[in-house]
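Those letters in the sequence shown? Residues 4 to 251, by the working numbering.
Hints are computed from structural coordinates only; laboratory data are not their basis. Treat the hints with care, as some may be off.
Simulated crosslink set (PhoX-like; lysine-lysine; CA at most 20 Å straight-line) [said to hold, decoys possible]:
| hint | residue 1 | residue 2 |
| --- | --- | --- |
| 1 | K152 | K97 |
| 2 | K93 | K181 |
| 3 | K181 | K158 |
| 4 | K203 | K169 |
| 5 | K193 | K97 |
| 6 | K181 | K209 |
| 7 | K181 | K152 |
| 8 | K193 | K209 |
| 9 | K209 | K93 |
| 10 | K193 | K181 |
| 11 | K152 | K93 |
| 12 | K169 | K200 |
| 13 | K203 | K193 |
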Amino acid sequence: MSLVTGLGSSLQTFLTDALSGDDEPAASGPRDPKASTPLEVAVVPEEGSSFIVSEQKVTGSEDRAVLTGDRDPASWNRLLRKIGAVSVSKTAYKLTVTNVSSSSVRVVDVVPVITRRTEAINTTMVVPLGGLGSDNIPVELNLDDRYPKFTQDGKPYFSQQSQILKADDGFVMAVESKLLGREYVEYYLKVNYIDSKGTKHSLEVKDPGSVPGVFRVSGALDEEQYSEYWGPDENRQAWRPYSLAERK
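Construct all of the structure, not just a fragment, from the sequences and the given hints.
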């Protein structure tokens with residue numbers, strides 16, 4: 004598997020090892036001539052803490068105990084799913100596109116399609132206890148733009164030099180999507196490609212369902228604007244609710 008140029012040698016080595024193992028191409032099964040698409044797309048969220056917001060309040064003793072008690076990962080993920088948690092200001096993920104057909108495919112573009120743009124979420128805020136995720140992401144997506152595109156060093160990531168993928172070939176985009184304005188945005192990705200017969204196609208890529216989702220981001224608000232605000236306790240091992248007076 005090859006990587007899109009411009010990722011940097013150290014990151015290329017890391018991603019090749021992670022995707023292939025022992026620097027060898029990932030093994031593939033027999034090709035299905037009836038497959039609906041020649042491309043396989045995977046979205047893997049980057050690990051790391053982030054500010055979390057929700058359109059719901061954390062109610063009920065069991066749910067509140069998840070925040071105020073011991074940090075149990077299973078209970079934490081269950082709570083995030085229950086309240087529909089959303090990351091604040093940015094998300095990070097790796098997007099892998101692989102040609103699983105026996106013929107070459109030309110990937111023309113990967114386009115973010117905005118499905119919702121509303122005011123930023125202001126109901127519940129949960130402040131991270133640990134360190135934040137890394138900022139070392141080579142591809143950026145500025146969701147403040149009404150028609151966002153993937154960029155690198157301020158320039159469009161995809162150009163007329165589209166990616167031609169031979170059988171079993173692919174590329175990885177390490178993405179950081181940012182939202183600095185006071186809005187909430189949901190989107191999905193559309194992979195535009197041309198098959199071996201010269202026919203144009205589009206493949207829709209939805210949020211992978213991680214907690215929180217990577218294709219949903221809310222802008223940050225002032226602390227006092229949230230109806231419910233959970234910050235670290237004195238030991239930074241759990242959360243406690245902060246009153247409005249404490250936030251001002």
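Going down the list of hints, with the structure as the test:
For the hint linking K152 to K97, the alpha-carbon distance of about 16 Å falls within 20 Å, and the restraint holds. With a C-alpha separation of about 4 Å, the suggested pairing of K93 with K181 holds against the 20 Å cut-off. Between K181 and K158 the alpha-carbon distance is near 16 Å, which keeps this suggested pair within the 20 Å criterion. Proposed proximity of K203 and K169 is supported: the alpha carbons are some 17 Å apart, at most 20 Å.
A threshold of 20 Å between alpha carbons decides the hint, and for K193 with K97 the separation of about 15 Å falls inside it, so the pair holds. This hinted pair checks out: K181 and K209 have alpha carbons roughly 18 Å apart, not beyond 20 Å. Simply put, K181 and K152 have alpha-carbon atoms about 12 Å apart, close enough for the 20 Å limit, and the pair holds. The suggested pairing of K193 with K209 holds, with an alpha-carbon distance near 9 Å, which does not exceed 20 Å.
This hinted pair checks out: K209 and K93 have alpha carbons roughly 17 Å apart, not beyond 20 Å. For the hint pairing K193 with K181, the CA-to-CA distance comes to about 18 Å; that is within 20 Å, so the pair holds. Taken as a hint, the K152 and K93 pair is honoured in the structure, with Cα atoms around 15 Å apart against an allowance of 20 Å. A C-alpha spacing of about 14 Å is found between K169 and K200, which places the hinted pair at or below 20 Å, so the restraint holds.
Note on K203 and K193: the hinted pairing holds, with a Cα-Cα distance of about 13 Å set against a maximum of 20 Å.
In this structure, every one of the numbered hints holds.
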